[in-house]
Structures are given as C-alpha cells and as structure tokens.
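Input sequences plus hints: build the corresponding full structure.
Keeping their order, the protein sequence lines are chains A and B. Position 118 of the first sequence, counting from 1, maps to 117 under numbering that gives the first Met the number 0, and the rest follow consecutively. Position 122 of the second sequence, counting from 1, maps to 121 under numbering that gives the first Met the number 0, and the rest follow consecutively.
Do not rely on the hints blindly, as some may be mistaken.
[As the list claims (entries may be wrong)] A few chain A residues that don't get close to chain B, going by computed Cβ distances all over 12 Å:
(1) Asp-8
(2) Gln-35
(3) Leu-101
(4) Gln-108
[What the hints assert, rightly or not] Cβ-Cβ distance ranges computed for the label pairs, FRET-style:
(5) B:Asp-34 to A:Gly-61: 17 to 25 Å
(6) B:His-175 to A:Val-105: 41 to 49 Å
(7) A:Lys-143 to B:Asn-84: 31 to 39 Å
(8) A:Tyr-144 to B:His-175: 18 to 26 Å
(9) B:Lys-113 to A:Lys-143: 49 to 57 Å
If you are wondering where the hints come from, they were derived from the structure by calculation, not from laboratory data. Note that the structure is predicted; figures quoted are calculated from it, not measured. For each residue, glycine too, the CB sits at the ideal point set by N, CA and C.
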Amino acid sequence: MNIDKKIVDDLVANDVSFVTTVPCKQLAGVIEEVDQRPEIFHIPSNKEDEGMGLCAGAFMGGKRPAIIMQNTAIGVTINTLATLTQFYRMPLPMIISYRGELREPVACQVEMAVHTKALLEQMLIPTYHFHWQKDVEEFDNILKYTFMANKPVAILTDANFWGGYGDQ
Amino acid sequence: MIRSEILKEIAPILKDQLIVCNIGIPSQELHAIMDQPSNFYMLGTMGLASSIGLGLALAQPKTVISIDGDGSILTNLGTLPTIGNNCPSNYILMIIDNGSYGSTGDQPTYTGRKTDLAGMARAAGCDNVVEVQDVDCGKALQEAIDAQNGTVLVVKCDSGNAKMPVITMDPVVIRHRFMEAVKA
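See the structure below:
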C-alpha cells in the first residue's frame, strides 16, 4: 500500500480541496502527492498558525480544508486552535508527523513529543495515533468525523507508521 | 485622522463587501460604525486577519477586504510572502498603519520608526502595493476594488482609538451569518 496516495485519496474522497502544509521529512511524500492532485489547492504556509488562518478563511468560503504539519507546531498553535478554530466552531483535520516517538533519531524531538498528547488532551482535541500502516484504514472515518463535529481533530503519525527514517 | 475616522469615511465603500476585520478595537470600531452580516469580526488570534482573508479569497470569487493593522502584520510577517506568491485578484489587504498597538494602549510599533511595510510587501512578492495617507484611503480602496488585481494597501494615519463597546455577539453567530453572506 502506498500510504501517501491512500491519505490523499481519502482527502479527495471527502471533498477536502484546500490543503496548507508546513514541511516535515516524514510528510514529504504526502505533501508531494497533495501538490500533484488537481482536486486540491495546495498553499504552503510559513508557520502553522498562519496556515490555520488560511484554513479558517477557506472553510468560510465553502471549501473543506486540512493542514499538514509537525507535532512541534502544537506548541505554536494553541492560541489559534482555542480562539479561532474552536471558538468559531470550525472543522480542521490536522495531519501531524509525530516526531520524537519510537525510531526517532533526534533527541530534541522527544522534548515536544512528551507534551504532544497532553496538550491535545488539555485542548479537548480528538486525537488518533497511527503507529502501524494498517492504522491508515481509519483515516476516511476520521475525516468524516471531523466534518461532522466541526472541530479540529489531530492525526498523529509516528516514524514507525512511515517506516522509519532510513539511513538518517 | 485616526482609524475610526477612516472607517467612518470608507463605510459606504465597505457596505455589502466581505470584510475580515482585525482583533480588538478595530473590530469594535467597525462593529459600532457599520455592523453588517458580511463583516467577520476577529475576537481573538492576533495576526491572522490577513491569512483568513487570503484563504477566503482563494476559496470563492467575491472580493474580500481584510482590514489589518501594522502591529498584527508584524506579528504574522510570514503572511506577506504567502500573499505575494498566491494572491488572487479578488483580495485586498488594507493595513491601517498608525505606528502603534492600538488595542493595548498605543505602544509604538517599529513601523513608526524605520520599518516600511509597503517595502516589505513588495520585497515579499506582492505585485500591487499602494501606500497612501489617511485622507486618500477611500479613493485608493475604491480603485483597488475596481481594479481587481490583488492589492496590498498601506494607509498611514495617526495613532488613537475611539471608545466603542466590546462585541458581545456569539462567535458562531458571527461566523454563520458571515458564511450566509458569502453564499448569498
């Protein structure tokens, strides 16, 4: 199974047509796939809170948005999630590379990894953790749930899910 | 002129336009001067008016005007390259540049010293950047609406705020009526 393709197929099938991204090595394949699909408008952002602003505008303009980012960005976006996405009740699937988990080679990444789920829980953000490749089968249901609930929803995807870091 | 005087003067131009308005006193002033369903008031999240407006302009064909401030643009400077590289023709970013953080007590921003927002917008890739003085705002805004070429409008004016009530409207109501206006 090509995970990148499966994720983007599910986005398209759920009518997600506006995707903003802040890059991550793990997410490079998904971002490339997003960029190539004619059904999706891809707009890279410089910071994740900026991206959430873009998504809020796109949603109010009638598009279904999504953001692709690293878990370190949870530390950047708490205020935006609380006072924009949640306060105005907007849906936002957040496809997040969960750095600092098993098979992580960079120690500093662990420092935000240990806070990631606690912060999401504190924010009452529904959170799903993809650790095995088969976990991606749930993605379609998570997207449907997000747009039903009108909430931000986090999908944490760790290094094991992506097949490790290769020779990094 | 201070911001509220500019807003009063351009209110007839803003009527029935899709407006995304900056957090704090700017939204309170716009709400008091000319509330309308097509105004999206930011009640929190400093800095994102320009991003929300850009996302909205990219998602649908109507003209979108973001009313932002110099302090908020400085908070979210990454917005300028994103606008510069993706700006649709139906988007106008109007920065009311009074050289101060109005909502927090008029502390000075760097645009009152050496920093030039119009120059930064141009350097970020924005093709149509216009800087005007407060008295010329209405004319420049109308020209930008008519031109439909994606404009960043920097309006230099005096620091100061009008005393207006806090917006008590529920955020979901603000969002819902705004989305209905977008669809109308």
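Let me make sure I understand: some of the numbered hints might not hold for this structure. Which ones are they, in numerical order? Nothing - there is no hint that the structure violates, so all of them hold.
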